[in-house]
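Protein chains: 2
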Amino acid sequence: MQHFGSNFWGEKNNGFDILYHNMKHGQISVKELADFVRERALIEETYSKSMSKLSKMVSNSSLGTFAPMWDVFRTSADKLALCHFELVRKLNDLIKEMNRFNEEQVKMHRKTKEEVSGTLEAVQNVQSSGQLLQKYKDNYQSKWLEWDRLKKDGASQKEIDKAEAKSKKAAESYKASIKKYRTARSDYQLKMADAAQKFQQVEEIHLRHMKGLIKSYSHSIEDTHVQVGQVHEEFKQNVENIRVQDLIQKYALTKGTGKEKPGPIEFEECNPEVLLEAPKKSKRKSFVIPGLGKREKDTDSTGSPDADSIVSKPTIISLTLSW
Amino acid sequence: MQHFGSNFWGEKNNGFDILYHNMKHGQISVKELADFVRERALIEETYSKSMSKLSKMVSNSSLGTFAPMWDVFRTSADKLALCHFELVRKLNDLIKEMNRFNEEQVKMHRKTKEEVSGTLEAVQNVQSSGQLLQKYKDNYQSKWLEWDRLKKDGASQKEIDKAEAKSKKAAESYKASIKKYRTARSDYQLKMADAAQKFQQVEEIHLRHMKGLIKSYSHSIEDTHVQVGQVHEEFKQNVENIRVQDLIQKYALTKGTGKEKPGPIEFEECNPEVLLEAPKKSKRKSFVIPGLGKREKDTDSTGSPDADSIVSKPTIISLTLSW
Chain E
1 MQHFGSNFWG
11 EKNNGFDILY
21 HNMKHGQISV
31 KELADFVRER
41 ALIEETYSKS
51 MSKLSKMVSN
61 SSLGTFAPMW
71 DVFRTSADKL
81 ALCHFELVRK
91 LNDLIKEMNR
101 FNEEQVKMHR
111 KTKEEVSGTL
121 EAVQNVQSSG
131 QLLQKYKDNY
141 QSKWLEWDRL
151 KKDGASQKEI
161 DKAEAKSKKA
171 AESYKASIKK
181 YRTARSDYQL
191 KMADAAQKFQ
201 QVEEIHLRHM
211 KGLIKSYSHS
221 IEDTHVQVGQ
231 VHEEFKQNVE
241 NIRVQDLIQK
251 YALTKGTGKE
261 KPGPIEFEEC
271 NPEVLLEAPK
281 KSKRKSFVIP
291 GLGKREKDTD
301 STGSPDADSI
311 VSKPTIISLT
321 LSW
Chain G
1 MQHFGSNFWG
11 EKNNGFDILY
21 HNMKHGQISV
31 KELADFVRER
41 ALIEETYSKS
51 MSKLSKMVSN
61 SSLGTFAPMW
71 DVFRTSADKL
81 ALCHFELVRK
91 LNDLIKEMNR
101 FNEEQVKMHR
111 KTKEEVSGTL
121 EAVQNVQSSG
131 QLLQKYKDNY
141 QSKWLEWDRL
151 KKDGASQKEI
161 DKAEAKSKKA
171 AESYKASIKK
181 YRTARSDYQL
191 KMADAAQKFQ
201 QVEEIHLRHM
211 KGLIKSYSHS
221 IEDTHVQVGQ
231 VHEEFKQNVE
241 NIRVQDLIQK
251 YALTKGTGKE
261 KPGPIEFEEC
271 NPEVLLEAPK
281 KSKRKSFVIP
291 GLGKREKDTD
301 STGSPDADSI
311 VSKPTIISLT
321 LSW
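First to last, the protein sequences are chains E and G. First residue of the first sequence: 1, per the UniProt record's numbering; consecutive thereafter. First residue of the second sequence: 1, per the UniProt record's numbering; consecutive thereafter.
Honestly, the hints are just simulated from the structure, not real lab data. Each hint should be verified, as a subset may be incorrect.
The list treats identical chains as interchangeable, and a pair is accepted whether it falls inside one copy or across any two copies.
Keeping only pairs whose Cα atoms sit at most 30 Å apart, straight-line, the calculated DSSO-like set for lysine-lysine is [unchecked claim]: (1) K79 x K96; (2) K111 x K31; (3) K191 x K261; (4) K79 x K215; (5) K56 x K90; (6) K236 x K79; (7) K135 x K175; (8) K191 x K135; (9) K31 x K236; (10) K53 x K24; (11) K211 x K56; (12) K24 x K236; (13) K53 x K90; (14) K236 x K250; (15) K198 x K261; (16) K90 x K49; (17) K107 x K24; (18) K168 x K180; (19) K53 x K79; (20) K90 x K236; (21) K111 x K259; (22) K53 x K96; (23) K255 x K107; (24) K215 x K56; (25) K175 x K152; (26) K49 x K96.
Make a model of the complete structure from these sequences and hints.
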């Protein structure tokens with residue numbers, strides 16, 4: 001449909017000017033769209049960075065039975081940060097594409113401007129010849145009125161004839177200006193119809209390209225949305241997979257203090273005979289009195305005594321007892 | 001499974017201490033989870049505010065054929081802002097729920113602390129009686145060694161007898177401490193098994209509740225994700241619905257300068273007769289010379305002349321012409 005071809009006429013003949021500036025505004029539109037995408041990219045970048053920060057915050061939480069759960073949060077925040085960062089990258093690529101497109105567009109507009117330069121002249125021509133026509137018409141009217149006035153006032157024939165001649169001359173000039181205007185009008189109509197069509201074509205190409213850029217933007221947003229959905233699904237699944245009993249068990253296994261209850265203790269008699277009979281170290285697990293901590297180690301009576309003490313110190317019989 | 005019941009024994013008998021502090025750490029875990037959710041809520045709030053800002057930025061773009069497209073961007077950004085703001089609201093509610101839960105938990109921990117106070121005593125008892133036992137054992141050993149040395153060094157019988165008596169007395173004390181330790185050990189084993197079970201129950205309740213809170217968090221995130229998806233789907237659809245031809249047409253209709261091409265102009269003869277015959281205003285659309293702007297209005301020859309000029313000014317025959 002020739003929308004431009006039929007809607008940019010009108011009294012003032014400034015449709016051409018409107019359409020020309022609309023074409024040029026296409027360059028601003030691309031810049032505005034790029035600005036929008038840049039702003040969106042900045043928002044996504046901030047979001048991505050905040051998610052990374054959140055992940056680091058999580059890393060410091062690592063005590064108690066709940067601790068392993070934080071890994072799930074950390075992983076999820078890291079992945080979310082990545083998804084949004086990937087979007088930033090895509091949007092920045094898109095901005096570059098927009099800039100390239102705008103460069104092409106500038107060239108196209110320059111070419112179009114040249115192509116429609118004849119129309120601009122025709123517009124100026126029809127405007128100026130219209131003005132001139134009005135001027136000649138006004139002149140003819142005033143000359144005719146002068147002639148008419150002289151006739152009514154009963155002026156001399158000579159004066160009347162002179163005025164009539166002036167009126168007739170003005171009428172001729174008026175007619176000539178009409179002829180000139182008609183030529184300008186015809187030229188303008190042809191060239192303006194052609195330019196309007198050209199402007200509409202340029203606009204169609206511009207808008208198709210703009211829609212293509214929006215589609216590209218939209219795809220990037222959509223891809224990220226899908227990825228974010230997957231990250232969240234994974235988070236849910238991971239939380240589900242870590243059962244309460246798993247957390248309890250993991251804690252017991254990693255933080256447990258031991259499975260051995262304090263054993264029974266029997267009286268250990270001092271017996272120097274054993275010292276002489278068994279100088280080798282006992283292989284059996286020694287009984288240790290629980291609850292003594294470091295001191296217990298120092299007074300460990302079950303290890304093989306060192307050479308110096310073999311004689312001077314008696315061996316304590318180590319009893320391994322079941323309980 | 002009794003994970004706590006079997007993994008918190010060991011030499012130093014400090015399983016009770018570990019489990020008690022793990023229980024208390026549950027309060028920190030809730031606070032950490034609340035902190036995490038608060039941080040996430042802040043991130044979402046920032047995102048929401050940025051989207052609102054983006055929407056306002058879009059509102060300033062309104063020239064050219066592309067202009068109507070910005071409405072789609074603006075609407076989408078506004079809706080995205082709303083989605084994320086709704087999430088902020090939900091997360092803040094969740095934080096309140098976490099705080100309430102923690103208050104309940106503090107009471108529960110206080111109650112549990114009272115219930116296991118007997119176990120704490122039993123732990124202290126088994127530790128101190130174990131230390132005492134070691135002390136009596138050491139004493140017995142040194143007394144026995146003294147007696148043994150006197151015998152080997154050929155000391156007087158009186159001295160040997162005295163040392164033997166001391167050694168026997170030390171052995172008795174040693175035996176008594178073993179008996180005391182056995183009682184403490186038995187008490188400790190019973191009470192510790194009971195406390196471990198209690199701690200595990202507390203932990204299970206804590207973790208189930210924590211998982212419930214995570215689920216609530218997860219649902220809110222998921223709801224928002226679905227809403228954001230809908231907003232994007234709507235955006236895509238809206239962009240799709242606005243065809244290039246629609247934009248062209250809309251621009252032509254709103255910014256169009258008129259459908260009328262400059263008409264043909266005929267010579268208008270001055271004729272005072274018409275003035276006298278037809279003083280009524282012509283109903284037909286008048287012909288206007290295009291291209292004259294304001295001046296054209298001033299010199300409009302087609303309107304009915306005002307009363308003063310009816311006689312003094314002739315009427316110009318207005319011709320409505322087809323072209």
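Verification of the supplied hints:
For a Cα distance limit of 30 Å, the shortest separation of K79 from K96 qualifies both inside one copy, at 26 Å, and across copies, at 27 Å. In this homomeric assembly, K111 and K31 come within 30 Å of each other (Cα to Cα) only inside a single copy, at 20 Å, whereas the closest approach across copies is 66 Å. In this assembly of identical chains, K191 and K261 lie within 30 Å of each other by CA distance solely across copies; the values are 12 Å between and 105 Å within a copy. For the identical chains of this complex, K79 and K215 are neighbours both inside a copy (25 Å) and across copies (19 Å), given an alpha-carbon limit of 30 Å.
For a Cα distance limit of 30 Å, the shortest separation of K56 from K90 qualifies both inside one copy, at 25 Å, and across copies, at 24 Å. For the identical chains of this complex, K236 and K79 are neighbours both inside a copy (14 Å) and across copies (26 Å), given an alpha-carbon limit of 30 Å. Taking the closest pair of Cα atoms, K135 and K175 come within 30 Å of each other only inside a single copy of the chain (12 Å); across copies the shortest separation is 138 Å, beyond that limit. Within a single copy, K191 and K135 get their C-alpha atoms as close as 26 Å, which meets the 30 Å cut-off; across copies the closest is 118 Å, which misses it.
In the homo-oligomer, the alpha carbons of K31 and K236 lie at most 30 Å apart only across protomers (21 Å), although the nearest pairing inside one protomer, at 41 Å, exceeds that limit. Only between protomers do K53 and K24 lie at most 30 Å apart by alpha-carbon distance; the minimum there is 27 Å, versus 44 Å within a single protomer. Taking identical chains as interchangeable, the C-alpha atoms of K211 and K56 lie at most 30 Å apart only when they sit on different chains, with a minimum of 21 Å there against 40 Å within one chain. Taking the shortest alpha-carbon separations for K24 and K236, only the inter-copy value of 27 Å comes in at or below 30 Å, while the best intra-copy value is 51 Å.
In this homomeric assembly, K53 and K90 come within 30 Å of each other (Cα to Cα) both inside a single copy, at 22 Å, and across copies, at 22 Å. Within a single copy, K236 and K250 get their C-alpha atoms as close as 20 Å, which meets the 30 Å cut-off; across copies the closest is 48 Å, which misses it. Proximity of K198 and K261 under a CA criterion of 30 Å is satisfied inter-copy only: 18 Å between copies versus 95 Å inside one chain copy. Proximity of K90 to K49 under the C-alpha cut-off of 30 Å is found in both arrangements, the shortest distances being 16 Å within a copy and 23 Å between copies.
In this assembly of identical chains, K107 and K24 lie within 30 Å of each other by CA distance solely inside one copy; the values are 11 Å within and 72 Å between copies. In this assembly of identical chains, the alpha carbons of K168 and K180 lie at most 30 Å apart only when taken from the same copy (19 Å versus 147 Å across copies). For a Cα distance limit of 30 Å, the shortest separation of K53 from K79 qualifies both inside one copy, at 12 Å, and across copies, at 26 Å. For a Cα distance limit of 30 Å, the shortest separation of K90 from K236 qualifies both inside one copy, at 27 Å, and across copies, at 18 Å.
Within a single copy, K111 and K259 get their C-alpha atoms only as close as 88 Å, which misses the 30 Å cut-off; across copies the closest is 27 Å, which meets it. Proximity of K53 and K96 under a CA criterion of 30 Å is satisfied in both settings, with 29 Å inside one chain copy and 23 Å between copies. For a Cα distance limit of 30 Å, the shortest separation of K255 from K107 across copies, 25 Å, qualifies, whereas the shortest one inside one copy, 72 Å, does not. Taking the shortest Cα distances, K215 and K56 sit within 30 Å of each other only across copies (22 Å), while inside one copy they are farther apart (35 Å).
Proximity of K175 to K152 under the C-alpha cut-off of 30 Å is restricted to the intra-copy arrangement: shortest distance 26 Å within a copy versus 159 Å between copies. For a Cα distance limit of 30 Å, the shortest separation of K49 from K96 qualifies both inside one copy, at 23 Å, and across copies, at 26 Å.
When the structure is compared with the earlier hints, no violation turns up for any of them.
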